[in-house]
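Using the sequences provided together with the hints, build the complete structure.
There are 4 protein chains.
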Amino acid sequence: MTIRIVIAGPRGRMGREAVALVQQTDHFELAAVIDRRYDGQNLAEIDRFSGVNAPIYTDAARCFAEVKPDVLIDLTTPEAGKRHTELALRYGVRPVVGTTGFTPEDIERLTKLAEEKEIGAIIAPNFAVGAVLMMKFARMAAKYFTDVEIIELHHDQKLDAPSGTALKTAQLIAEVRPSKKQGHPNEKETLAGARGAAYDGIPIHSVRLPGFVAHQEVIFGGNGQTLTIRHDSFDRRSFMSGVKLAVETVMHLHTLVYGLEHILE
Amino acid sequence: MTIRIVIAGPRGRMGREAVALVQQTDHFELAAVIDRRYDGQNLAEIDRFSGVNAPIYTDAARCFAEVKPDVLIDLTTPEAGKRHTELALRYGVRPVVGTTGFTPEDIERLTKLAEEKEIGAIIAPNFAVGAVLMMKFARMAAKYFTDVEIIELHHDQKLDAPSGTALKTAQLIAEVRPSKKQGHPNEKETLAGARGAAYDGIPIHSVRLPGFVAHQEVIFGGNGQTLTIRHDSFDRRSFMSGVKLAVETVMHLHTLVYGLEHILE
Amino acid sequence: MTIRIVIAGPRGRMGREAVALVQQTDHFELAAVIDRRYDGQNLAEIDRFSGVNAPIYTDAARCFAEVKPDVLIDLTTPEAGKRHTELALRYGVRPVVGTTGFTPEDIERLTKLAEEKEIGAIIAPNFAVGAVLMMKFARMAAKYFTDVEIIELHHDQKLDAPSGTALKTAQLIAEVRPSKKQGHPNEKETLAGARGAAYDGIPIHSVRLPGFVAHQEVIFGGNGQTLTIRHDSFDRRSFMSGVKLAVETVMHLHTLVYGLEHILE
Amino acid sequence: MTIRIVIAGPRGRMGREAVALVQQTDHFELAAVIDRRYDGQNLAEIDRFSGVNAPIYTDAARCFAEVKPDVLIDLTTPEAGKRHTELALRYGVRPVVGTTGFTPEDIERLTKLAEEKEIGAIIAPNFAVGAVLMMKFARMAAKYFTDVEIIELHHDQKLDAPSGTALKTAQLIAEVRPSKKQGHPNEKETLAGARGAAYDGIPIHSVRLPGFVAHQEVIFGGNGQTLTIRHDSFDRRSFMSGVKLAVETVMHLHTLVYGLEHILE
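Protein chains in written order, with numbering that gives the first Met the number 0: chain L, 0 to 264; chain A, 0 to 264; chain E, 0 to 264; chain X, 0 to 264.
Heads up, some of the hints might be wrong.
[As the list claims (entries may be wrong)] Result set (PhoX-like, lysine-lysine): computed pairs, CA atoms no more than 20 Å apart in a straight line:
hint, chain 1, residue 1, chain 2, residue 2
1, L, K116, L, K81
2, E, K116, E, K81
3, A, K157, A, K142
4, X, K142, X, K167
5, L, K142, L, K111
6, X, K157, X, K167
7, E, K157, A, K187
8, A, K157, E, K187
9, X, K81, X, K111
10, L, K157, X, K179
11, E, K81, A, K179
12, X, K157, L, K187
13, A, K81, A, K111
14, E, K81, A, K167
15, L, K157, X, K116
16, L, K142, L, K167
17, A, K67, A, K142
18, X, K67, X, K142
19, A, K187, A, K142
20, E, K142, E, K157
21, E, K179, E, K167
22, X, K167, L, K187
23, E, K180, E, K142
24, E, K157, A, K157
25, A, K187, E, K167
26, L, K179, X, K157
27, A, K116, A, K81
28, E, K167, E, K142
29, X, K167, X, K179
30, A, K180, E, K157
31, L, K187, L, K167
32, X, K179, X, K142
33, X, K157, L, K180
34, A, K167, A, K142
35, L, K167, X, K116
36, E, K142, A, K157
37, L, K157, X, K187
38, L, K157, L, K167
Derived from the structure by calculation, the hints contain no laboratory data.
Right, dumping it as structure tokens:
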């Protein structure tokens, strides 16, 4: 069965990858795109998309009403993403959304709407399947190892340390183990910061170097052994495997799922 | 509740670690040991065990009858291990067995016996919790990544390549993915062996260098990302966390479990 | 002092990076470019180079005669590269050449020419400073460790295994150590290929997975320790640091240097 | 030629490894040992050394006078090490010393003494050849990469962070590059310590986990590439390759050398 898809935000960096994904996947079909500009034109007329036939709509509601797609892939901004998600559900279109910024109240309201309409919806802050599995495995391993540290390595243009993924990983680990001060009780930093940041007793180390893209390793230590789970993201195509999985999965859901981890077994 | 334990093979390399484990664990008590020699003496009389109070039996049946322990930890040879396991079950003692060499028929017969006696038994070829988790995670990740390779690294005194753990890992992965030839269809080895061994299409690379102990990494590759699961075993104490877990778990079982992976969630 | 540069092959993948490098470097100036097409036009007229002011020549000799640059950066094909290098030297222009395919006779002839003209020239098959340092360090470490293995990891579109860099590394190591069979004398492959390819006794393992770009690690093993040297190339910008270094160095040379390793201390 | 060796401190952990080293090396001969106890006895009489024939002296001067060895290997305490080194030189015995605690004045005085006697002497705070090479390579690479971070990983019984080797590595790097603030100028730690300790602008991250022994990696980052140098020390035998090299080298020296790096090419 072919899944008919509308992409919102086709000209953004993620959007372009999504267009490529749909083009390359046999059972996916690009039914239309939603863009802030170029209403009524065809994507094929825009420079980098020559050959990609898809009508452009600036009005999402009209798009859903006329095109009646199966799935909306939304890779826009938090505000537009929220608006598109709600509209899609109202029109019976299953949303797969990669933007952040949904509040718990948003999620609750949209979940109710999905259930009323009896269709699926997937909202995920992180679509990199490898990163999501890393977090899932880390949470599982934490039951069997009392000690763990996180090292995340990014390019040196990143502003915040630790990364959001590192914090999320630490939080997932903290949920399944008793809080604990690691290291020797009398350990001393002769240079401040050597032992890293601590999230509920879990040390996090942030490396920032030109050359790196986005990498993280979670190291568990026990008597005579260590277990390391590492994810390397080399470019943004890493997100597309998760988008593909979400599009295929959302067809079989009847509720809203928040977080890719809940659709990975 | 204190768990009263008999150790078979206390003077072997693994046995000594098990004695240390029981000594260091508050709710474990060393009730007796089974040894080929020194019948009727006390472990404390043997050089390296001074201070470890435990009667020595050469006759396992008499040991179980007189001592009535909760658990037998057996770290002997395949033959002795098999004999002790059966005897323990007959006497209502829960066996935790780290020797290999059980046939499917042995396992079937012993499972029946455990169920008759309504007690637990755990037989595990590998007690390193980290290694078992690595295999478990690899099997899970294989559902989401079509391509994977295994690199195992051991000291240069190891005779066989690939390692048993690498083969077992490949086998677990092969169970959950369609068989597949990886790499470029036209790839060519200009030096034979460069692309490693293949188990059902999964390349395995065996590194042998002085310095290494026992290490393995499983690398999954997808568009723009890789996911790596690595286990490093630095010394044989790595097995003791699994033995401890097994002793604690076997008290709550009413059947035989083969493989540590089945008691890890 | 500003170095005036001509780039041959500006529209190729490496050429584009070189144009960007020259633009971004304060003491570099793009004097002209040599291209098979667009003679007499300006680079600024070509789509992706808008704003980059540089006259285009299809005739290299005329370019050198009229523009009188300090340095030629050549990132074309083996044949064109050879021809440009010779011409540049004749016109007193220092060549920095990243193409392969020079024979020992070519090198000898061009070296003589550079010395007659008393100017420098640098020809390098690999401009990634990190990769060249990895090989240099591997050669140095090989004097102190008798055992070494090489693991190289590339994307799964690569056709040949092992990679050229892995072979070159093995060759450099083989030059400074006695030939030797590594591993246990009685080791056995239960699956053929597990122990990798062998170059003069040095095992090489080639991993091919989607996601990877170009990576290599050289692992030395000794009693109780290992030393690992790893290079990760994430994109082709990695070559530009070497091109920059070569341009700066070639100004102070009076002979031809083959291989970046000879200008790294 | 056989090198006749006296070992001071044969019963310590390093001393025992040194005894084993001398036993296993064809052209080394254990002429005697210096110990605080057991004067006049033979090492063979002491429990763990059965079969190792070597007279025991408590008086170092008498030992050197009577035994006339070629080399002293001293693996005792800072105070005893200093005393033995001076005595050895006076008696024409070449010292190879693995203790720390020599002041610059001590080194100067002992260097003068070695030159008067026209014999070699080697004092090294770190005899692990791999660790010394890692530091040497890091210093070399620092000329070509402006950005670097150090991650050191040790068992969780270690009291100080960062490790001495990490600090020494940072210091060697700082000597050859301009001081620099790495990372984005506006980067922010949302959890204090995430970006590690800083030595002259070089971030150092200290990981402490059970299972680890002593490991360090130095990561250099540049445009599109990283270069990593990693040393893993799995047990104290890692020091013996350096002791062996020092014993062989000291025979050809006519002065004192401080630091193993100065005898590695």
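Here is what the structure says about each hint:
1. L/K116 to L/K81: Cα-Cα ~17 Å, so holds.
2. E/K116 to E/K81: holds, 17 Å
3. A/K157 to A/K142: violated, 32 Å
4. X/K142 to X/K167: holds, 17 Å
5. L/K142 to L/K111: violated, 34 Å
6. X/K157 to X/K167: With Cα atoms ~17 Å apart, X/K157 and X/K167 stay inside 20 Å; holds.
7. E/K157 to A/K187: OK: E/K157 and A/K187 at ~9 Å, within 20 Å.
8. A/K157 to E/K187: holds, 9 Å
9. X/K81 to X/K111: holds, 15 Å
10. L/K157 to X/K179: holds, 18 Å
11. E/K81 to A/K179: violated, 43 Å
12. X/K157 to L/K187: Distance of about 9 Å is within 20 Å: holds.
13. A/K81 to A/K111: The hint holds at about 15 Å.
14. E/K81 to A/K167: Distance of about 53 Å is beyond 20 Å: violated.
15. L/K157 to X/K116: The hint is violated at about 59 Å.
16. L/K142 to L/K167: Since the Cα atoms of L/K142 and L/K167 sit roughly 17 Å apart, the hinted pair holds (cutoff 20 Å).
17. A/K67 to A/K142: violated, 46 Å
18. X/K67 to X/K142: It is violated: about 46 Å lies between the C-alpha atoms, which goes past 20 Å.
19. A/K187 to A/K142: violated, 28 Å
20. E/K142 to E/K157: Not OK: E/K142 and E/K157 at ~32 Å, beyond 20 Å, violated.
21. E/K179 to E/K167: holds, 18 Å
22. X/K167 to L/K187: Measuring from Cα to Cα gives roughly 18 Å; hence the hint holds.
23. E/K180 to E/K142: holds, 16 Å
24. E/K157 to A/K157: At roughly 32 Å apart (the allowed maximum being 20 Å), A/K157 and E/K157 break the hint.
25. A/K187 to E/K167: holds, 18 Å
26. L/K179 to X/K157: holds, 18 Å
27. A/K116 to A/K81: It holds: about 17 Å lies between the C-alpha atoms, which stays within 20 Å.
28. E/K167 to E/K142: holds, 17 Å
29. X/K167 to X/K179: OK: X/K167 and X/K179 at ~18 Å, within 20 Å.
30. A/K180 to E/K157: Holds, because 15 Å separates the two Cα atoms, which is no more than 20 Å.
31. L/K187 to L/K167: With Cα atoms ~27 Å apart, L/K187 and L/K167 exceed 20 Å; violated.
32. X/K179 to X/K142: Within the cut-off at roughly 13 Å; holds.
33. X/K157 to L/K180: Holds, at roughly 15 Å.
34. A/K167 to A/K142: holds, 17 Å
35. L/K167 to X/K116: Violated - the C-alpha atoms of X/K116 and L/K167 are around 65 Å apart, more than 20 Å.
36. E/K142 to A/K157: violated, 25 Å
37. L/K157 to X/K187: holds, 9 Å
38. L/K157 to L/K167: Since the Cα atoms of L/K157 and L/K167 sit roughly 17 Å apart, the hinted pair holds (cutoff 20 Å).
This entry does not satisfy hints 3, 5, 11, 14, 15, 17, 18, 19, 20, 24, 31, 35 and 36, going by the numbered hints stated previously.
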